[in-house]
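Novice: Okay, here's what each chain looks like letter by letter:
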Amino acid sequence: MRVLIVEDEQTLRESIVEQLQQHGFTVDAAADGEEGLYCGREYALDLAVVDLGLPKLPGLELIKTLRAEGKSFPILILTARDRWQDKVEGLQAGADDYVAKPFHFEELLARVQALLRRSGGWAQPVLRCGPVSLDPRTQEVTVNGRKVDLTSFEYRILDHLIHRAGEVISKSELTERLYAQDFDRDSNTIEVFIGRLRRKLDPDETIKPIETLRGRGYRFALQRDTAAA
Amino acid sequence: MQPRSLSTRLLVSVSILLILFFGVTILALDFVFQDLSRRAIQDRLEVQVVALLSASEEDSSGGLRADQLAEPRFDNPGSGLYGEILRSDGRPSWRSKSLAGTGLEFPHVQVGERRFGELQRADGTSVLSLSMGIEWQFRNRVTRSFVYSVAESLDPYYAQLSRLRGRLFGWFGALMVMLLGALAVLLRRLLSPLRRVEREIEAIEAGDLTELGGGYPRELLGITTNLNALLRSERERLARYRNTLGNLAHSFKTPLAVMRNLLSTQGAREITVLRQLDEQVGRMDDIVKYQLRRAAAAGGTGLGSAPVDVREALEGLRGALLKVYADRGITCELTVSEGASFTGDREDLTEIAGNLLDNAFKWTRTTVRITADRVVSPAARRDGLRLVIEDDGPGIPLDSRARVLERGARLDERVAGQGIGLSVVRELVHLNGGIIDIDESALGGARIEVKIAPV
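In order, the protein sequence lines correspond to chains E and U.
Numbering that gives the first Met the number 0 puts the first sequence at residues 0 to 228.
Numbering that gives the first Met the number 0 puts the second sequence at residues 0 to 454.
Treat the hints loosely; a few may be bogus.
Claimed, not checked - Computed spacing ranges between beta-carbons, pair by pair:
| hint | chain 1 | residue 1 | chain 2 | residue 2 | range |
| --- | --- | --- | --- | --- | --- |
| 1 | E | 212 | U | 396 | 38 to 46 Å |
| 2 | U | 454 | E | 23 | 30 to 38 Å |
| 3 | U | 290 | E | 41 | 36 to 44 Å |
| 4 | E | 23 | U | 337 | 22 to 30 Å |
| 5 | E | 123 | U | 376 | 25 to 33 Å |
| 6 | E | 54 | U | 229 | 44 to 52 Å |
| 7 | E | 215 | U | 237 | 57 to 65 Å |
| 8 | E | 41 | U | 325 | 25 to 33 Å |
Said to hold, decoys possible - Some chain U residues flagged as far from chain E (calculated, every beta-carbon gap over 12 Å):
| hint | residue |
| --- | --- |
| 9 | 15 |
| 10 | 35 |
| 11 | 96 |
| 12 | 138 |
| 13 | 163 |
| 14 | 185 |
| 15 | 208 |
| 16 | 221 |
| 17 | 245 |
| 18 | 249 |
| 19 | 312 |
| 20 | 321 |
| 21 | 324 |
| 22 | 327 |
| 23 | 352 |
| 24 | 381 |
In case anyone wonders, no lab produced these hints; they're calculated from the structure.
Everything numeric in this text was worked out from a predicted model, so none of it was measured.
The beta-carbon is built from N, C-alpha and C at its ideal position, and this holds for glycine as well.
Chain E on its own, in the form it takes in the complex (with noise of 0.2 Å):
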């Protein structure tokens, strides 16, 4: 999954994009609102994570600039005001949350996988396809109940094919996601992941979880399974 960081205070910034990045998350990460109005444009992105009081560009005004451009990746407000008059106008330029300042890092993780998990499509924390199931909170994928070892990037694969489960998505923006921007992209790299997330799924060859379309990408085939966990 692909997110962006839009704060201007390095160190918090700095703090957030590694913590992050060790929970399986590919990160942007921009200083400015102007600079976060280009990677917006720019990037394949899932999600965006936006301060309120940032230099050159306000928040609110790249929230709105973003939205009206079309941009439908879900939006996560950190706001140090902590005014409801703030929220309520941050939630109508078109975010989908918020996080006051100071806030542990755990709250804002929760509620990025929360808003991951809606855009999607998801109601449950665990997503489940028929026997495979991924728990973004843990990381830990298991079929039939047997927990699969993934690498760091078989799981980002798996995490965002799951998340769009149903949906084709194509090999391009499967690497756009997964890479950052200063990435040497090698689409051959995603076939060969492919390849090992379904030997490691899919031993047997039994349940087939991700088809190939030619010429198209690839789609996570099992059927979502939507009742309460």
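Using the hints, position chain U against chain E.
Specialist: What follows is chain U alone, placed relative to chain E:
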């Protein structure tokens, strides 16, 4: 007692002045008229005496008679003109026919004396009389003294006087009414800028205007300009104050956020010291939050604050919270009675309702209910507001309710799980002259009622 209005004061004073002025004028005119009229009568009486003298003839008894008078009124009973010639011993020598039945008795005066006087007739009416003592030398060289008296009825004079007085009162009355009317019109014109100030201040109170308009007369410019400056500085002060507080919050909280994040990096919170540090950061944050919110409260009904549209504010909050709690599938019913408004600062209302609603959303299972009504009082200029927020969560235990609402309860003694939200709400409600009450809702959870009295 309410002080009388400027117009009333001026009108009453001017009326008293006019009554005094016209009163003195009427008295003076009355006096002059009486004086002139009496003199005129006296002159006529002197002429009649001379006429009587010149018409006098000696009679055989050594008296004088005046039967050949040119003036016919002497012969006409009830004519109002009377004449008499008395001998020195007091016996009448001659009496005019008009004297019959009048009961008039003229005074006896010395030779050479002239005396004017007012005499009463038998019917009680008055006459003005002139008596003159003379010596008459008869043809036989005998000299005898006589008193010549004439009198004229004062009836026509009194009639004229009362007519004059009637006219004077009529004219002056009319004049006074006209003057007072003109004065009232003048006052209206003169005081119209003051009335405009009053209207504009009412509009400012109602929030339709932000300051007084221009074009006031020079005498009022000092007041209106200063009032505008006061309003502006008050607004700017509050804005600047809030801005400063906002900046303070931002500059204080970002370092706190950094500290929190550093403390929550993996593994760090296992260490007791760091966990304690994190708790202290949390307390600092609470204190900053609480004090800043209290300080930023406007409180009460400042001049120039428009009544806040409660529906709009509540709908905004409802939409925001439904978005935030989207995955909980909460139903939020909102009922706002027509014309419900909050007299005070918009931010105060948003903070009060926002905190209460956030609590309700946090604790509810399925349903949150918001009800806002007008509280009307005939004596009040502005409506009050009753805001009720209910949920179907666990509610607030009876023994905690009092502590939650206790005035000045210390922050670290507050009821666990309620955050600082309720303390802030309580402060804000009190600042706005309201009361807050916690009860059990028909939905099963907490029912919090905020009541702002009409003012």
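Novice: Give a verdict on every hint.
Specialist: Verification of the hints:
1. 212/E x 396/U: 38 to 46 Å: Cβ of residue 212/E to Cβ of residue 396/U: about 58 Å, so the range 38 to 46 Å is violated.
2. 454/U x 23/E: 30 to 38 Å: Hint violated: Cβ distance 57 Å, outside 30 to 38 Å.
3. 290/U x 41/E: 36 to 44 Å: holds (42 Å)
4. 23/E x 337/U: 22 to 30 Å: violated (53 Å)
5. 123/E x 376/U: 25 to 33 Å: violated (52 Å)
6. 54/E x 229/U: 44 to 52 Å: violated (35 Å)
7. 215/E x 237/U: 57 to 65 Å: Cβ of residue 215/E to Cβ of residue 237/U: about 59 Å, so the range 57 to 65 Å holds.
8. 41/E x 325/U: 25 to 33 Å: Check passed, 28 Å falls within 25 to 33 Å.
9. 15: holds (59 Å)
10. 35: holds (88 Å)
11. 96: holds (111 Å)
12. 138: holds (129 Å)
13. 163: holds (81 Å)
14. 185: holds (51 Å)
15. 208: For residue 208/U, whose nearest Cβ neighbour in chain E is about 23 Å away, the distance exceeds 12 Å, so it holds.
16. 221: holds (37 Å)
17. 245: violated (5 Å)
18. 249: violated (4 Å)
19. 312: At about 9 Å from chain E, residue 312/U fails to clear the 12 Å cut-off, so the statement is violated.
20. 321: Since the minimum Cβ distance to chain E is about 9 Å, residue 321/U lies within 12 Å and the statement is violated.
21. 324: violated (9 Å)
22. 327: violated (10 Å)
23. 352: Violated, since 8 Å does not exceed 12 Å.
24. 381: With a cut-off of 12 Å, residue 381/U remains clear of chain E, as the shortest Cβ separation is near 22 Å.
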